[in-house]
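Participant: Given next are the chains, with one letter for each unit.
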Amino acid sequence: MTGHIASIKSYTLVFVALLLLTLATTLVSTIDLGPFNVVMALFIAVVKMLLVALFFMHLRDSTILTKVVVGGGMLWLAILLVFSLMDFGTRGWLPVPGK
Amino acid sequence: MSSHTELPELQEQFETPTQQKEASTLGMWIFLVTEVMFFGGLFLAYTIYRRQFAGAFGLASNTLNVVIGAANTAVLICSSFTMVMAVRAAQIGSRKALIVFLILTILFGGVFLGVKAYEWNEKFAEHHVPGPTFHLEGTTAQGPAQLFFSLYFTMTGLHALHMIVGEGLMLFLLWKAYAGKYSPSYYTPVDIGGLYWHFVDIIWIFLFPLLYLIARHQH
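Respectively, the protein sequence lines represent chains W and L.
Counting in the working numbering, the first sequence runs from 16 upward without gaps.
Counting in the working numbering, the second sequence runs from 14 upward without gaps.
Next up, chain W with everything else stripped away, as it sits in the complex (with noise of 0.2 Å):
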């Protein structure tokens, strides 16, 4: 029941490239972009995550119903993340009479 075996040279890919991006982070957050820091921050954070999780764990070969559990995982945490802030990102928008 050997599951599907990667080879070390897709391993070593995947691991030069997650050294590259960590590198790539760190220098770009020298350079003044605004908003757009937060935003370069994250896209360098979430394509190493997509990396680690699709490779090293791998989930491009792992079952549909393990990667529905997981993209219900996502959803609720992007629930978590989006509600919250639609709530805290928009107090003070209407004079609400008491706040």
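Keep in mind that the hints were calculated from the coordinates and are not lab data.
C-beta atoms are modelled at their ideal positions from N, C-alpha and C, and glycine is treated no differently.
One or more of the hints may lead you astray.
Label-pair ranges, simulated between beta-carbon atoms [claimed, not checked]:
1) L/Ala130 / W/Leu28: 28 to 34 Å
2) L/Gly40 / W/Ile20: 21 to 27 Å
3) L/Ser107 / W/Leu28: 42 to 48 Å
4) W/Leu65 / L/Ile43: 17 to 23 Å
5) L/Ile177 / W/Thr78: 28 to 34 Å
6) L/Ile43 / W/Ser22: 26 to 32 Å
7) L/Ile177 / W/Thr27: 27 to 33 Å
8) W/Val97 / L/Ala67: 17 to 23 Å
9) W/Leu34 / L/Ala192: 42 to 48 Å
Since chain W is already given, all that's left is putting chain L on it; use the hints.
Facilitator: Frame of chain W, contents of chain L only:
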């Protein structure tokens, strides 16, 4: 039924080794999803307070040592690489490579924790630990600055706790691997342990830019 007598690791409730392994993998992913929600709450708290106190958070963030942070990120990525190589060694049935890569993973994890301990110690020396002696230079917003360091210690502390648990898991795997318990037909614990280790790596992948890098351009 014959597969049960041939494979002592196959539990009786499972038909095939593949079914058993898929059940274990799914169970681990469900646990990891609960961990995502757990850390998600902390990331949310961080985001909300950072929006509210951007100035103090930026100032506090810039006191962290970015070179050490980046180097430690690289160390953790190295540990993830040796972990995936350990899983691969188990898949191809190389006991020696499995043991070597597990030891390397434990060592990289140890280096990460050691560096983290050094960083924490620095915070105590600089009075950057929330409490009566807390003081951050260059701001009157001592409260929000303490909030940043509260979140810093909570998030890196919980991450370090996960690392310590991971080191324990790796030692267990090393012990079993040394005893020759794993083979290409049964290496599920190595695989599951790897999932945990990579997950902890992913948490740090987000902690590093959010804690160390967010206000670097204002330096």
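Participant: Looking back at the numbered hints, which does the structure fail to meet, lowest number first?
Facilitator: 3 and 9
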